[in-house]
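S.K.: Here are the chains, one letter per residue:
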Amino acid sequence: NAGVTQTPKFQVLKTGQSMTLQCAQDMNHNSMYWYRQDPGMGLRLIYYSASEGTTDKGEVPNGYNVSRLNKREFSLRLESAAPSQTSVYFCASSEAGVGGDETQYFGPGTRLLVL
Amino acid sequence: QQQVKQSPQSLIVQKGGISIINCAYENTAFDYFPWYQQFPGKGPALLIAIRPDVSEKKEGRFTISFNKSAKQFSLHIMDSQPGDSATYFCAAAISGNTPLVFGKGTRLSVIA
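Going line by line, the protein sequences match chains Z and S. The numbering used here runs 157 ahead of the 1-based position in the first sequence. The numbering used here runs 141 ahead of the 1-based position in the second sequence.
Derived from the structure by calculation, the hints contain no laboratory data. Warning: the hint list may mix true and false statements.
[Stated by the list, open to error] Computed cross-link-like contacts, DSBU-like style, restricted to lysine-lysine with a CA-CA straight-line distance of at most 30 Å:
#, chain 1, residue 1, chain 2, residue 2
1, S, Lys183, Z, Lys214
2, S, Lys146, S, Lys198
3, S, Lys183, Z, Lys166
4, S, Lys146, S, Lys156
5, S, Lys146, Z, Lys214
[Unchecked claim] Residues from chain S shown here face chain Z by an in silico Cβ test under 7 Å; the list is partial:
#, residue
6, Leu187
7, Pro193
8, Pro240
9, Lys245
Given the structure is predicted, the values throughout are model-derived calculations rather than measurements. Positions of the beta carbon are idealized from the N, C-alpha and C atoms, including for glycine.
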């Protein structure tokens, strides 16, 4: 069981470039999440997917798009990267749902630097 | 609007001492309150969680105290060890309904 995996681990982009962050989980979880973590700001939710086929905006969705490719995979796309998107990005998954386990399992993170 | 307020931002505790981190929430519909622990370079991991039907939950050296009327909950780490040095996040959610809302985190350093 790999849990939640993220690729790449580290990326440097120039302003205006695009990229996709990949996330996969092997726990058969219904819900998946993308967070960004910045110093002093905690974990802020970008987008989440409560179940396969659905996505919803979180606290800070501007500049990002997501795709829930299937139950296992949830990708985050930056169409035109900006220096303000320099951050550490975490993907997480949970069983969730009414009566389900609320525990969120986090991946190791992707460190993104936008120049 | 910050729905979960966490304090202090950083904390230094002597080895063997008690570490206390506090959180306050605003939404009275929240009914799930977890604490996550994050070591440098790693993703957060669930440490302990509580629901409002109990006022306290203990797992080893870690205890959550919950005060529903004050809309506050706290994490107590007894006999703090250098290995407990990490960032701790409190969070809250409405079970089965909404994603977790996280506090801004507390960086704990336990010194010998």
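S.K.: Give a verdict on every hint.
M.R.: Tested hints:
1. Proposed proximity of Lys183 of chain S and Lys214 of chain Z is supported: the alpha carbons are some 25 Å apart, at most 30 Å.
2. Proposed proximity of Lys146 of chain S and Lys198 of chain S is supported: the alpha carbons are some 21 Å apart, at most 30 Å.
3. Restraint check for Lys183 of chain S and Lys166 of chain Z: satisfied, since their Cα atoms lie roughly 11 Å apart, inside the 30 Å limit.
4. For the given pair, Lys146 of chain S sits about 27 Å from Lys156 of chain S by alpha-carbon distance, which is consistent with the 30 Å threshold.
5. Distance check on the hinted pair: Lys146 of chain S and Lys214 of chain Z sit about 22 Å apart at the alpha-carbon level, within 30 Å; holds.
6. Nearest Cβ of chain Z to the Cβ of Leu187 of chain S: about 5 Å, under the 7 Å cut. The hint holds.
7. With its C-beta approaching chain Z no nearer than about 14 Å, Pro193 of chain S sits outside the 7 Å limit, and its interface hint is violated.
8. Here the hint on Pro240 of chain S is kept, as its CB sits about 5 Å from the closest CB of chain Z, short of 7 Å.
9. Given hint, Lys245 of chain S at the interface with chain Z, holds; its Cβ is 4 Å from that chain's nearest Cβ, closer than 7 Å.
In terms of the numbered hints stated before, the structure departs from hint 7 and from no other.
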